[in-house]
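Protein chains: 2
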Amino acid sequence: MSVTAPRGFRAAGVAAGLKSGGARDIALVVNDGPDAGVAGVFTANRVKAAPVRWTQQVVHGGVARAVVLNSGGANACTGPAGFQDTHATAEHTAAVLTSASARLIVGAADVAVCSTGLIGERLPMERLLPGVRAATRALARDGGPAAAEAIMTTDSRPKTTVTRGSGWTVGGMAKGAGMLAPGMATMLCVLTTDAVAGPETLDAALRAACRVTFDRLDSDGCMSTNDTVLLLASGSSGIEPTAAELTEVVTAACRDLAGQLLADAEGATKEVAIEVVGAASEDDAVQVGRAVARNNLVKTALFGNDPNWGRILAAVGTTTAVFDADEVDVAVNGIWVCRAGAAAEDRSKVDLTGRAVTVRVDLHAGTDTATIWTNDLSHAYVHENSAYST
Amino acid sequence: MSVTAPRGFRAAGVAAGLKSGGARDIALVVNDGPDAGVAGVFTANRVKAAPVRWTQQVVHGGVARAVVLNSGGANACTGPAGFQDTHATAEHTAAVLTSASARLIVGAADVAVCSTGLIGERLPMERLLPGVRAATRALARDGGPAAAEAIMTTDSRPKTTVTRGSGWTVGGMAKGAGMLAPGMATMLCVLTTDAVAGPETLDAALRAACRVTFDRLDSDGCMSTNDTVLLLASGSSGIEPTAAELTEVVTAACRDLAGQLLADAEGATKEVAIEVVGAASEDDAVQVGRAVARNNLVKTALFGNDPNWGRILAAVGTTTAVFDADEVDVAVNGIWVCRAGAAAEDRSKVDLTGRAVTVRVDLHAGTDTATIWTNDLSHAYVHENSAYST
Numbered sequence: 013m014s015v016t017a018p019r020g021f022r023a024a025g026v027a028a029g030l031k032s033g034g035a036r037d038i039a040l041v042v043n044d045g046p047d048a049g050v051a052g053v054f055t056a057n058r059v060k061a062a063p064v065r066w067t068q069q070v071v072h073g074g075v076a077r078a079v080v081l082n083s084g085g086a087n088a089c090t091g092p093a094g095f096q097d098t099h100a101t102a103e104h105t106a107a108v109l110t111s112a113s114a115r116l117i118v119g120a121a122d123v124a125v126c127s128t129g130l131i132g133e134r135l136p137m138e139r140l141l142p143g144v145r146a147a148t149r150a151l152a153r154d155g156g157p158a159a160a161e162a163i164m165t166t167d168s169r170p171k172t173t174v175t176r177g178s179g180w181t182v183g184g185m186a187k188g189a190g191m192l193a194p195g196m197a198t199m200l201c202v203l204t205t206d207a208v209a210g211p212e213t214l215d216a217a218l219r220a221a222c223r224v225t226f227d228r229l230d231s232d233g234c235m236s237t238n239d240t241v242l243l244l245a246s247g248s249s250g251i252e253p254t255a256a257e258l259t260e261v262v263t264a265a266c267r268d269l270a271g272q273l274l275a276d277a278e279g280a281t282k283e284v285a286i287e288v289v290g291a292a293s294e295d296d297a298v299q300v301g302r303a304v305a306r307n308n309l310v311k312t313a314l315f316g317n318d319p320n321w322g323r324i325l326a327a328v329g330t331t332t333a334v335f336d337a338d339e340v341d342v343a344v345n346g347i348w349v350c351r352a353g354a355a356a357e358d359r360s361k362v363d364l365t366g367r368a369v370t371v372r373v374d375l376h377a378g379t380d381t382a383t384i385w386t387n388d389l390s391h392a393y394v395h396e397n398s399a400y401s402t
Numbered sequence: 013m014s015v016t017a018p019r020g021f022r023a024a025g026v027a028a029g030l031k032s033g034g035a036r037d038i039a040l041v042v043n044d045g046p047d048a049g050v051a052g053v054f055t056a057n058r059v060k061a062a063p064v065r066w067t068q069q070v071v072h073g074g075v076a077r078a079v080v081l082n083s084g085g086a087n088a089c090t091g092p093a094g095f096q097d098t099h100a101t102a103e104h105t106a107a108v109l110t111s112a113s114a115r116l117i118v119g120a121a122d123v124a125v126c127s128t129g130l131i132g133e134r135l136p137m138e139r140l141l142p143g144v145r146a147a148t149r150a151l152a153r154d155g156g157p158a159a160a161e162a163i164m165t166t167d168s169r170p171k172t173t174v175t176r177g178s179g180w181t182v183g184g185m186a187k188g189a190g191m192l193a194p195g196m197a198t199m200l201c202v203l204t205t206d207a208v209a210g211p212e213t214l215d216a217a218l219r220a221a222c223r224v225t226f227d228r229l230d231s232d233g234c235m236s237t238n239d240t241v242l243l244l245a246s247g248s249s250g251i252e253p254t255a256a257e258l259t260e261v262v263t264a265a266c267r268d269l270a271g272q273l274l275a276d277a278e279g280a281t282k283e284v285a286i287e288v289v290g291a292a293s294e295d296d297a298v299q300v301g302r303a304v305a306r307n308n309l310v311k312t313a314l315f316g317n318d319p320n321w322g323r324i325l326a327a328v329g330t331t332t333a334v335f336d337a338d339e340v341d342v343a344v345n346g347i348w349v350c351r352a353g354a355a356a357e358d359r360s361k362v363d364l365t366g367r368a369v370t371v372r373v374d375l376h377a378g379t380d381t382a383t384i385w386t387n388d389l390s391h392a393y394v395h396e397n398s399a400y401s402t
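Line order of the protein sequences matches chains A and B. Count the first sequence with the numbering used here and you get residues 13 to 402, in order. Count the second sequence with the numbering used here and you get residues 13 to 402, in order.
It cannot be assumed that every hint is accurate.
No more than 30 Å apart at the CA atoms, straight line, and that leaves these computed lysine-lysine pairs for DSS-like [claimed, not checked]:
hint: 1; chain 1: B; residue 1: K282; chain 2: A; residue 2: K282
hint: 2; chain 1: B; residue 1: K31; chain 2: B; residue 2: K282
hint: 3; chain 1: B; residue 1: K361; chain 2: B; residue 2: K282
hint: 4; chain 1: A; residue 1: K361; chain 2: A; residue 2: K282
hint: 5; chain 1: A; residue 1: K31; chain 2: A; residue 2: K282
hint: 6; chain 1: B; residue 1: K361; chain 2: A; residue 2: K31
hint: 7; chain 1: B; residue 1: K361; chain 2: A; residue 2: K361
I should point out that these hints are in silico values taken from the structure, not numbers from a laboratory.
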């Protein structure tokens, strides 16, 4: 049920002709309240798409009644005209929502906007605005799956989640298959909840959840211009969970979606967990995990079913983390192929034929840990990304 | 003539069975003097191969009579036993050189050692040591080309240079086709000169040369454990150039070799210059150039002949350089496809069918510039690096 699993939300996904082939390309999520709380986490990329800059302002106010999302164009690097397109989209969404329902009076400042697709091209507003009107007409309590479908780009399947608290629920949808490396977040994601929660609680829960889920996903090292994660709260369950409860359930929802993103990454044949243990700090563990996750020689080796721990160690050596090169251990799928910085168990014992791979790096420098999730680097990745925009 | 172009040097390259198929795999370069100056620049990787740690000590003393190099094994991540292998190689080289010539008395501390090949495996010393003896017998004034051949790994051809000063010469050889991203240097390279120069002058010239050549080459973002660049000076021309003259000619030699490395990078179909101009500082320009050079989505786009400037801008946005996203211009092969952060000239005008590609990024934030050299990311890169160690 995606974003419409919690009470107080309607959604829709329609085809407006932004994508070729008649696929759904406009999603609309509406919060019918009683509350209209929102929190957001955005790309750390300094080249931010127009909808990111718009939605940061919306979230700053702490209130959002609706989110309108489109695939088929990122509206990034489109200059002042592109920002005006985003503004017009929010204005139009507010107007059609207000005219469609006596219950709902929506201003443009209450409408978050998200876009995804090719960078550097203007959106076809003459198709997008009628699409928003059609989405408004299609809004329904069971519209979550259609909305999740409408935000797909190179995704092979929609990503949705439903996670239950005690009497309240978190629902969510996400898209993302390439340009998957976190700044603050890694793709488009809308989470909804019917819990009662104030803006600080929502914000803290979302940041805590992203930090250990989307921020630890690094499929291809490439940070997008459009990454946005939003959490909308309707309060319609009437239940106010503690901050810890809210954080736990939102984190579970984000972890579920992050796993679906990893599984559907462009061209990937492996889902790889880089588990760094024995670190002097969590930051060290994250830094080491990310260095390994971003190393093209490690990634091609894994594609070739090769437990090439030398490349892993060479990647660890590029970091500033605390470690002694003569003490580092590396295991691949449970076989400790490297102990104390040198060869140990026979690498031929490592079975890399499955899709799931675990690389464990023990720095022997402390007790902190972190896991970074990544993919291999395959022929299909090169193919998809050398042919995408042409 | 490679490293034997300057007077005062002999070299050899022989096959000792470290590589399969009977290819040359041991190189020896001897400095017959009268001087025996040496300077060196090494990988910044904290996981340093045994020969790097050994040779750093040799260079620290400022004197080297010989360099022995092997392909067929990097002797990296081999623990204390691997370091003993390097030590034994230097001892053996010193002994056979001393016994072969009444003129030359060489100690192990005067012998630099370089290794390249697979990480994590011990060297077959029972083949390597006899190979050093054979190389000593084969030493010749015209042995430079054979030495250059013996250090090749996945290189498709040897890389050599001869650059002339006024009455003196710099010769050089290098290897490197993968794991090409600089820490301080990017591969194995031995430069020789018959100029007269003190150790500080040699060191300053080599560092200045590397900084703007090998350090600006970033083929695949992967920093090796074994990178070593050595400059040996025999003084046998009797001519002492100024520091500026020496730096200029050494830089020209390094630039020549760096270009050959770029041209022969594993699986590459493009040689790409990322020219960053209008930067607030040279460091900013280097940071931006490197971010673009390391971006897999930019690299796959170039492989696909796609002038995808949006991906270039997204890569620029990940840096901390001074710039305003709404002012950045991007040209691909001379066509300004992006002006002021948005689409400008028609991207279909860009001709990417050739092997040489120039990406120019104007940050409009100052007057500093830097060029980073890189390659595309191709199917052949994935193929070579997923199959290398198996």
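Here is what the structure says about each hint:
no.: 1; hint: K282/B - K282/A; in the structure: holds, 28 Å
no.: 2; hint: K31/B - K282/B; in the structure: holds, 29 Å
no.: 3; hint: K361/B - K282/B; in the structure: holds, 18 Å
no.: 4; hint: K361/A - K282/A; in the structure: holds, 18 Å
no.: 5; hint: K31/A - K282/A; in the structure: holds, 29 Å
no.: 6; hint: K361/B - K31/A; in the structure: holds, 25 Å
no.: 7; hint: K361/B - K361/A; in the structure: violated, 53 Å
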